[in-house]
Structure formats: C-alpha cells, structure tokens
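J.: Using the sequences and the hints, build the whole thing.
Just so you know, the protein sequences line up as chains R and U, in that order. Be aware that the first sequence starts at 0, since it is given in numbering that gives the first Met the number 0, and climbs by one per residue. Be aware that the second sequence starts at 0, since it is given in numbering that gives the first Met the number 0, and climbs by one per residue.
Calculated directly from the structure, the hints in this document are not laboratory data. Check the hints yourself; a few may be wrong.
Partner residues are not named here, just some residues of chain R that face chain U (Cβ under 7 Å, in silico) [stated by the list, open to error]:
| # | residue |
| --- | --- |
| 1 | Met201 |
| 2 | Asp316 |
| 3 | Pro320 |
| 4 | Ile323 |
Heads up, simulated DSSO-like pairs for lysine-lysine below, C-alpha to C-alpha not over 27 Å straight-line [what the hints assert, rightly or not]:
| # | chain 1 | residue 1 | chain 2 | residue 2 |
| --- | --- | --- | --- | --- |
| 5 | U | Lys423 | R | Lys169 |
| 6 | U | Lys285 | R | Lys423 |
| 7 | U | Lys285 | R | Lys397 |
| 8 | R | Lys17 | U | Lys311 |
| 9 | R | Lys220 | U | Lys83 |
| 10 | U | Lys49 | R | Lys614 |
| 11 | R | Lys49 | U | Lys614 |
| 12 | U | Lys397 | R | Lys398 |
| 13 | R | Lys36 | U | Lys190 |
| 14 | U | Lys423 | R | Lys207 |
| 15 | R | Lys214 | R | Lys227 |
| 16 | R | Lys398 | U | Lys311 |
| 17 | R | Lys423 | U | Lys423 |
As the structure is a prediction and not an experimental result, all values here were calculated from the model. Think of the CB as a built atom: it goes at the ideal place given N, C-alpha and C, for glycine as much as any other residue.
Okay, here's what each chain looks like letter by letter:
Number of protein chains: 2
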Amino acid sequence: MARKRYLKKTSLKEAQHKFLTKFADYELSTEIIKTSKTKGRVNSKAIYAKRSSPDFYASAMDGIAVRSESTNYASERDPVLLKKDDDFIYVDTGDLIPDDFNAVIKIEDVVEVDQKTVEIIKSIPIWNNIRSIGESVIKKQMLVPTNTEIGVFEIGAMLEAGVVEVEVYKRPQISVIPTGSELVKPEDDLKKGDLIDFNSTMIDLLLKESEAIVKKLEIVKDDYQIIKEKIIRENKENDLTIILAGSSAGKEDYTLKILSKLGKIILHGVDIMPGKPLILAEVNNKPVVGLPGYPLSALLDFHLFIEPLIKKWYGQDSYLPEKINAKVLKKVPSTPGLKEFIRVNIANIEERLVAIPQKRGSASMNTLINADGLLPIGESKEGIRPNSISKIYLLKNKKALENQIMMIGSHDLSIDILRDLIRKRRSEFDFKIQSVGSMSGLISLKRGECHLAGSHLLDPVSGEYNVSYLDKFFSGQKLAIINFVYRDQGFIVKKGNPKSIKSIGDLVKKDLKYINRQAGSGTRVLFDYLLDKNNIDCAKVNGYDKEEVNHISAAIQVTRGRADTAMGIKSAAVAVGADFVPIKKEKYDIILKEELLDDLRIKEIIKIIKSNEFKKEVNTLGGYDTSKSGSVIVHS
Amino acid sequence: MARKRYLKKTSLKEAQHKFLTKFADYELSTEIIKTSKTKGRVNSKAIYAKRSSPDFYASAMDGIAVRSESTNYASERDPVLLKKDDDFIYVDTGDLIPDDFNAVIKIEDVVEVDQKTVEIIKSIPIWNNIRSIGESVIKKQMLVPTNTEIGVFEIGAMLEAGVVEVEVYKRPQISVIPTGSELVKPEDDLKKGDLIDFNSTMIDLLLKESEAIVKKLEIVKDDYQIIKEKIIRENKENDLTIILAGSSAGKEDYTLKILSKLGKIILHGVDIMPGKPLILAEVNNKPVVGLPGYPLSALLDFHLFIEPLIKKWYGQDSYLPEKINAKVLKKVPSTPGLKEFIRVNIANIEERLVAIPQKRGSASMNTLINADGLLPIGESKEGIRPNSISKIYLLKNKKALENQIMMIGSHDLSIDILRDLIRKRRSEFDFKIQSVGSMSGLISLKRGECHLAGSHLLDPVSGEYNVSYLDKFFSGQKLAIINFVYRDQGFIVKKGNPKSIKSIGDLVKKDLKYINRQAGSGTRVLFDYLLDKNNIDCAKVNGYDKEEVNHISAAIQVTRGRADTAMGIKSAAVAVGADFVPIKKEKYDIILKEELLDDLRIKEIIKIIKSNEFKKEVNTLGGYDTSKSGSVIVHS
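T.: Structure, rendered in structure tokens:
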C-alpha cells in the first residue's frame, strides 16, 4: 500500500517566501465604486482632491465679520462703534465671509450697544479667525496614494474633496472546498465517527475579513474523481482555491495526487507546529492551497500564508499581531527543526507579565478560545528555559490581559459559574482558568504564574484539606484561603448502577473497568488514599492506567461504556446523566497570597462567591454545599 | 441678541463618568441567531457545549489501530507480526477506533510485509495516539461566558460543540441627524458658501463598526420646529439619537434649546480639544448626543463618548488605541484647563521613535488622514517641553511606523508623485511628508525629526541653492544632497495675465493685490531676495501680509480673484488653470545625513527619482527639469 510522505523539510520563512513571490505579480482587476462604500477596500490609483474645502473664505468662529482696518485704533479707553451691515455682519462658524470683510471678531469680544451697533475695544489683525481656502483639503493635492487600505477618515476626506467614486481592486474570488467522508454539517444529526465541519465556516469568515468574496462549497466526500473535478472547476473560476482537510498523509487524501496531476506542487509540509501538513500548489498560474484538517493547524497556516497573499495582492504589507515581552516561568520543551507556536495565557503577577503555556495539541478549540497569546519557539531551539523573557504574539487586548485574574488548579463546574457571573456583572476584569489539578495549581501559585490556585488536596494523616500542602509548598509565606465550595466526591456509575458499586473494594472485581484521573489531581490523591487505606494494590484496578484530566470527560467514559466507573464529583455525574455513589464530602478552596486580599478584583470575587446568585446556581448542579462559600482564613 | 455660552467647565473624565453611568443600565433586548452569523455580536447568556468533540475515540495519527497488549514484546530482534482485520486495521487521523483496539501506531513505524501482514519492532503503550473524548470541547462545559464579543474562534468552537444558535443582544438602533442650512450632499452641485456633509457618513460607518443599526437621516435645515420634530421622533424610535453639527454656540444652533425643552442637558461643552462643543442630553431616559460640526471634534467625541457607551451596553470594556512612547523634540504649547489631543507623525530616527506634531485645527482632514498618532496633553499642563518622552495613541500599525520614511520641508507637487510611486511599487515602507517650508525642514532634520528635508533655499550672495544654509545649520556634519528636481518659479497670474505682470517691479502698481508665502519658505526667501535686489519696499506690496503655506492654495487665491498674483511654481499654476510668468529656475534638493545613503529604503527612493516613470509623471505637471534628478552629492 503506497502512502505519501511529506516531500521535504521547508522552514516557515522559506515556505512563505516561495509562495508569496510566486504569486506576487498576480493582478486583481479593478472596479469603480461609490466612495461611501470603499471602507476596507484598496485604491488602485492615487486619489487627488477635486475641490478645495473650504473653497471660500469662511468664518472659523461665531462672531462678527469686519474690515480689519476699521478696528485699527480700538482700545478700552477709545472703543470703536461698528454699524450692522455697513461695518459688520454676524457670522457663525463655517459661514461665508463676503468679499468686503477680512477678519472675524469672536462673539465674546463684542459688546452689543443696540440692535444696530456694537462696540469693539481691541483691534483685530487682518485675516484673523478666517479659515483659509483649502484649510481642510486642497484641490489637486494627492489625498490618498495608490494601494492604500481605505478607512473612515479617508472616506471623509475624499467626500469633502468632491471625490464621490473611487477605482479599487476587485475583491479576489476564493473558493473553499471542505473534503472528508467523515464530515457533516453542524446542523446535521451525527452518527458515531462523524465529525462536524466547522473549519470551513472559520476560514470563510476570516477570508471575508480579508476582503475576499468567498464561495464555500458543500462538503465533498473522499472521492478522487469528484475532488479532482471540483478543483478543476474552482481553479478556473476563482483567484484562489482552498481545499480543507485534504493535506494529511492519509489514504483518503487525494489532494496531493490531484494537484500534482493538474499543476505543480510548490511545497508539501512546512516545519511549523501546528500547521505542518500544508500543501501549496500552482494550477494554471493560480494558487491552490490544501489546509490541514486540525483547526489550529488550518488557522495558523491561514494567517501565515493565505492572509499575507491576499494582502500582497492588494499591495499591502501584512503584520503579525502585536508582540509583548512576558516571562515564561517553567521549562517549555519544543522539537528542534520545527518552529512551534504555543498557546499561552497571560497574567500580570506582581507587576510583571507572565506567560503560562496551555496544553498542546492542534485540536483543542477550547484552549484556543481561552488563549491570550502565541509563544513562538524557533526551529533552532530545543525549548525555552525557565525564567526566560519571551516575545508573545497577542490574541487579546493588552490592557484587558494586564487586568485579568488568572486561576490555575483543579477542575470544578462551579468555577464556570464564577467566571460567568464576573462577566454578567460587567466587572472590569476578565477571569481565566487553567484546569491542571490541585497540585499543579499550588506549584503555579508558588512559581508566580497565577493569582489564584484551586485546590482540594486531602492530607492522609490529618484528614484536613489543603493546609498541610500549603505548609509544605509555601513555608513561612502568608496566604489566604477562600472557601469556594464543599462538594460530594464519589463513584460515577452508569444509570441504575448495574455493577452495584458501593465502595472502593468493589473496584477489584474482575469484570469491572475503572477510569482514573491524572496524577496530582485532588481526585487522584483521594483515590490513592482510599486504595491505601483499604490495602488495595492499584495494579488490581483494571483501568488505573487510563487517565482523564477532567471530571466530565471521566464521567462521559462511564456513560459511553468505556468504563464502569470513575471517581469524580456529583455535579459531573448529574451533567452527563450518570448515577452517583457518594464517598466523601470534600473541601475545594481558593488559595492566594494574603496581600492580594486588598485587590479590588479579589474583593469582587469574594463578594460574588458569597452572593445568593452564585450559591443558587451552584446548588442546581448537584452535590454542593455552599454554606461556607466565600469565608476567608489567613494562613501562615 | 441672546447667544448661548457653554454651561460650565467639565473635564473629560468627569464628562465620561457622568454620561456612561447615566445610561449604564439601559438594556438592549436579545434575539436568537444562527451561530455562523454571530461574528462581532455579544452573547447575553453563557454558552455551554451541547456535545463533546470528538465524542468517540479517534485516531490522532495516520497509522494502524492495534491492541496495545499484542505489541508488548516487540523489538528489532524479535518483531511482532500483526494480521490485518484480526490484529489491526488501517486508520487515518480522525477515524473512529473500534472498541476492541486501544492504541494507534503511526504509519512511519509500520513495516508492511504483505497485503495482510505488518511487522512491528516497538511496543506501543495503551491509549497512545488516540484522541480522548472531549479533547477539543467537552459536553456541558462552559465555552463562552456571558457578555463575550464573539470572534471566529468562538464560532468554530460553538459549531463543533453542537451549538447552532446563540442568544445575542440586539444591535442598538441609532439615528444620525445631520443639521445645517449650509450643508449639501457630496454628490450635489455646490453653491458658494455650501459645505459638504461628510461627517454623517463617517459617523455612520463608525457606528456600524461598533455593531449598531444606523438610520441616517437626510440633511435637516436649521429650523427650530423641524429639528425638534425630528428629535422627538428619532428619540422615540431609537436607542440613541445623534445630532450632527448642532452643538456650536451659533445663532442657528437650536439643539441645545430643543434638548433642554424635551429632556435634560447632562452637559454642554467638555474641556478637550478638539471636541469641546459637545452636548450630552437625556430625553425619555435615552441618550441624545449633539456632536460638533468640525470633523476632528466630532470624531474624537465619538471615540470618547459614543463608542464606550455602545460597548457598555454590550457589557464590554472599551479601550483606547495602543500607546507607545516617543520623543517630542520641540516645544508643544497647549492651553491649561483643556486636555488636548495633537495629531503627530511618528518616525524612527536613529533607533528612537520621535513624534512630530502636525499643524493644529479641528478642520483639516488632510492632516488627519496623514496622522500616525495622537499626543494627549493633560489639562493641568501648559504644554510639552522639548525632548520629553510622551505617550502617543497609535492610529497606524506600529511596525509600519517604525519603518516609514519621514520627509519635512518645502511643498512640491512632485513629492506626491514620489510618494505614490513608493506605494505603487509595493515597496515595504511608507513615506510621509509634512509641508512646512524649506527652512523649517532643515531645522527638523537637524533636530532629528525626519530622515529627509526638502529644500530650495537661495543664497542671495552666492546665488547657489541650499549649500550655504547647510554650512550654517549643520557645520561639520556629513550630509548628502539628492537633487530632486529643478523647477520654474515665477508669478502665477489669472488666465490671459489681465494685469500684464512681467516682473517684480509690477507688484507695486496701486490696483494690484499680491498674496504671499509664509516666512521660512523657499519661495518667500526668493521673493524677499527679489524685492531687495530691486530695492522695493515690501510695505508697498499690497497683500504682503497675507500668507499661504502652499503653492496650490496661493494659486487658488489668484484664480478666485482674491489676489492678482502670487509667487509660486509653474506646476501649481497649471494645476489650477492659471497662467504663469517665469522668473527663475530653482533647484529643489532632498537633504539627509550621509550615513543614510546605505539604507535600503533611501536607495529605493533614489532609484525611483532616477526612474523614467517618475520623470515622465513629473514632467506632465509642467515647469520641471528632471535631467539631474537622483544625482547625489556628499557635503561636509
């Protein structure tokens, strides 16, 4: 069975250069459109003012128009009297100054003697307070040079200068072909094994943002002949053709074969991550791009290759997002030979910006929507050393990031409720959470990566939660412990508990499959504690090896039959429609440095945790006790 | 005659606070729309995932799905043979993993023995290369908290999670009423005294950018009763009503009076410049805003008051543009008690960013479209001292600004051609020019505000151009002189030269009106030199006092009959359809620091100046000699 491999290694810079220079001379045709419709478009010719504005002498003030000479000797001791219509007229800002007047005195300096007479106590120099002809725009002057992206200000200036039509480049026509027999539309019913095509919608919207006309085709099954016909036709009718998900190296991926037949492959595979499985080809002197199937790969390739191409066609430079410096506190490994872009959160901890890497993978839309920036690691590097200052491309507003509260720690469904209430109350800060388990949360707090750590770590000796771990990690430091919730931990089981699981001893039954939580999570600590207390060898628990990082995903494995039970919180069981066998009521706390208690954002968070609204919403999840929620203890 | 003055002084902060808190609780209603249409909209409820993705075990690789156990003892010396369908199946990325397999070996590690058999030389741990259920999004997890501005990533995540409809706030309906008897539409024929209404188009476009539904009314004449009726009706039907140009203190400005009658004035006049004459009012618990007539005032008030209000209604924070630090080299005066926003250009001169203030005034659209940033000066300050580091709000891309070439100096029409050719050739830098006269250009170059100075200064003694001035300003410094053009200076006269002007001696004729250029401009130096040489007292030149800052605006005065002649370049006469009496051929040079000759951008500029394309275009303007254009002399 012949399987295509990537052709050869190509660095990002080399790949961009190859692709962009190849199609740099491709010419968009032009069209003439109304000036008021040109926002975001690019003019193909310089635009000159057709008239001056103002094109008459106009008053720059509200006041009276006079002859400067008639005020020459005015003083407080010797005021000058002026007669209406003969010596002056009233004018407002913008009013025409008749030819026989040559200055304007502002109304505040005019004393009205009677209906017909005013008194002036100061002379006014000639041409004072009169707008020059062309003060705003001057006839025949170039307003907008060729190849300018037209904005609101340009539109205003052109209209003022009598330019009511503009020659602009036509928008490039771009066709998007989603391919894949496993793909279905978002509104379709899913069969097992189906995947929803949402990449095509994202690419469609991004292309429109780049001022392209998009033709988005229906999903095409993996059929060599059909895909080939589509590409031939779309290539003929459009400026650029994008094939989605046709670029991994799998058996159903015909894109590469078809493009080699129809034209020339410029490159297959670029040394970046995500985004590696990219195909760039030329068919009939037009570009055809095969974007990877994983959304994060497709999006990065879009921003690195397709967006700059469209910009180039419009005669524009393209810029990556704004970069900031942030400290990366822990080691970030990377693969030499690949330029990696790692999603990070950003927090302002004790007056310095830190970047906290999120979990990797090209497939997690949830991390993408919560990411604040991208940390690039060059292909020549093996990673980033702890405490390095690194450049980060921003995905969110910098000021918002400087003000957001970062929480790292254990997963709990009521954290989402807290986060939502912060937004709902329109508090002036954002709240981000990375769910990594209790232990990692405390380590992050210690390291200075977050404001808050979420933890429910049981001390096997004392039976207390969290306190002994704080002593261990933070000896001598003053901390605050905000009680977040108490919650029921236990066994999540299938509806009706068919395997009759009642206690930890039942887990060693031969036909029983367990699903575990990751090491360092509070739930794992609890589970290991229970095994130990009951003298059960973990090797006897079938499935002890299989870890999930989240209560809900563990619970889902149970409802799907992949496991018979998982240890987790009741609210997760309720959420997925499973049953629940309670084992222990545990305490989930939020830990922070004591001095942060004075921070207005923390005060607001405590207020929300104490609120009836929060408690009511949490209690509908099931398995929570909020009677102590929001109580604060200082620990040192 | 009663004339309204501003009510009382209000600082920007106070005004914003008053306005925004007043209408903070105004509630937008909501609607349910398709997820794919939500870009830029704001959700009014938290959005939870309706399903997990993937919601089955899926391959993370192209390869074969196996039972991990069957590979346990595989090694190079002792490979394991696996049979197709029994022991493995081929899978591609994203494919469903059947229940009896639990790991995927990537295709690169598979050796195909025959059609039915593969060989494995390395064991694969359980669950390796299998995507977890919910790897991308997990059912029941909160994807998007309330009050989030929805972007492309959120749309992708929602679609993947089965969310095909979203409850979002309805767009606020905003009515824009342009008022003013002097206003006409851009496509109308203008009578003398008419002004084009383009503010309403700019505000319309900005409102749409802020996700509002805009109802833009036809221009309303200054008629108390009609304006009142319009306001009553628009206030009833819309969430916000904006009256344009109804807020200066003039006799035709009824807005204030009407709004006092219909509701309550929140404030009239805010202590900022531009933007002072603002009216904020409340009518039937809804905001009504009177924006100033000057475009720059209206735009600033829009960004400081209206945009934040809409953001607030959507539950969003609003942020001013990105700020950078730049050095301000010369003194910038400002008015204590007023917060000023001064338009500046920004250039990267010798590795530091400098900000160069543009000419003031709220009316110049031409400076606005060429501005790179806004320099704010606090109300408690009297200005900015030379060599201060100041914060600048960016109006353009920072990287583009860091790379742009800044020229300051004398005005010439062929500069526009150079600027246009730089864009036309898609050179990777922008080119900005501030026209301030030759002398000011050299001073700016000396001060470090620009890369290039444009100068045509005649030395009365030697008859040479520029050189003696360089010796004076830059003694000892190595400079380069690029010849830009030679051009004809002379008298711009009405068609047919009705006053028979032939030489400078004719300017003292009694019935003759002259229009002058500003002190420090090369043309003024030439004119003064000619007066001196011919022993003419400047007091005898009628109009010597009236200065224009630009060849074309001076020429326009002549065609309008405001003056009989002006000294200027032939191309300006040609541009406005005037006649021309040549007096002197002069040399216009571009001056720069010698070391800049190595800069690739400067090399490109010289190449363009030397090009036939440039010379051809310049020569169509009339009165130019380009035979030496682009020649370089080093001067020290």
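J.: Each of the hints needs a verdict: does it hold here or not?
T.: Evaluation of the provided hints:
1. Hint on Met201(R) holds. Least Cβ distance to chain U is approximately 4 Å, under the 7 Å limit.
2. Against a cut-off of 7 Å between C-beta atoms, the interface hint on Asp316(R) holds, since the closest Cβ of chain U lies about 6 Å away.
3. Annotation: Pro320(R) was flagged as interfacial toward chain U, and the flag is violated, the nearest CB pair being 11 Å apart, outside 7 Å.
4. Hint status for Ile323(R): violated, given a least beta-carbon distance of 11 Å to chain U, over 7 Å.
5. Under the criterion of a C-alpha separation no larger than 27 Å, the hint pairing Lys423(U) with Lys169(R) is consistent with the structure, at around 17 Å.
6. For the hint pairing Lys285(U) with Lys423(R), the CA-to-CA distance comes to about 22 Å; that is within 27 Å, so the pair holds.
7. Taking the CA atoms of Lys285(U) and Lys397(R), the gap is near 32 Å; set against the 27 Å cutoff, the hint is violated.
8. For a cut-off of 27 Å, the pair hint linking Lys17(R) to Lys311(U) is broken: about 46 Å separates their Cα positions.
9. Simply put, Lys220(R) and Lys83(U) have alpha-carbon atoms about 25 Å apart, close enough for the 27 Å limit, and the pair holds.
10. Distance restraint check for Lys49(U) and Lys614(R): the Cα-Cα separation of roughly 24 Å lies within the 27 Å cut-off, and the hinted pair is therefore satisfied.
11. With a CA separation close to 24 Å, the supplied pair Lys49(R) and Lys614(U) stays within the 27 Å bound.
12. A hinted pair counts as satisfied when its Cα atoms are at most 27 Å apart, and Lys397(U) with Lys398(R) qualifies at roughly 17 Å.
13. Taken as a hint, the Lys36(R) and Lys190(U) pair is honoured in the structure, with Cα atoms around 26 Å apart against an allowance of 27 Å.
14. The straight-line distance between the Cα atoms of Lys423(U) and Lys207(R) is roughly 24 Å, inside the 27 Å bound, and the hint therefore holds.
15. Restraint check for Lys214(R) and Lys227(R): satisfied, since their Cα atoms lie roughly 17 Å apart, inside the 27 Å limit.
16. At roughly 16 Å between alpha-carbon atoms, Lys398(R) and Lys311(U) fall within 27 Å of each other, so this suggested pair holds.
17. A C-alpha spacing of about 49 Å is found between Lys423(R) and Lys423(U), which places the hinted pair above 27 Å, so the restraint is violated.
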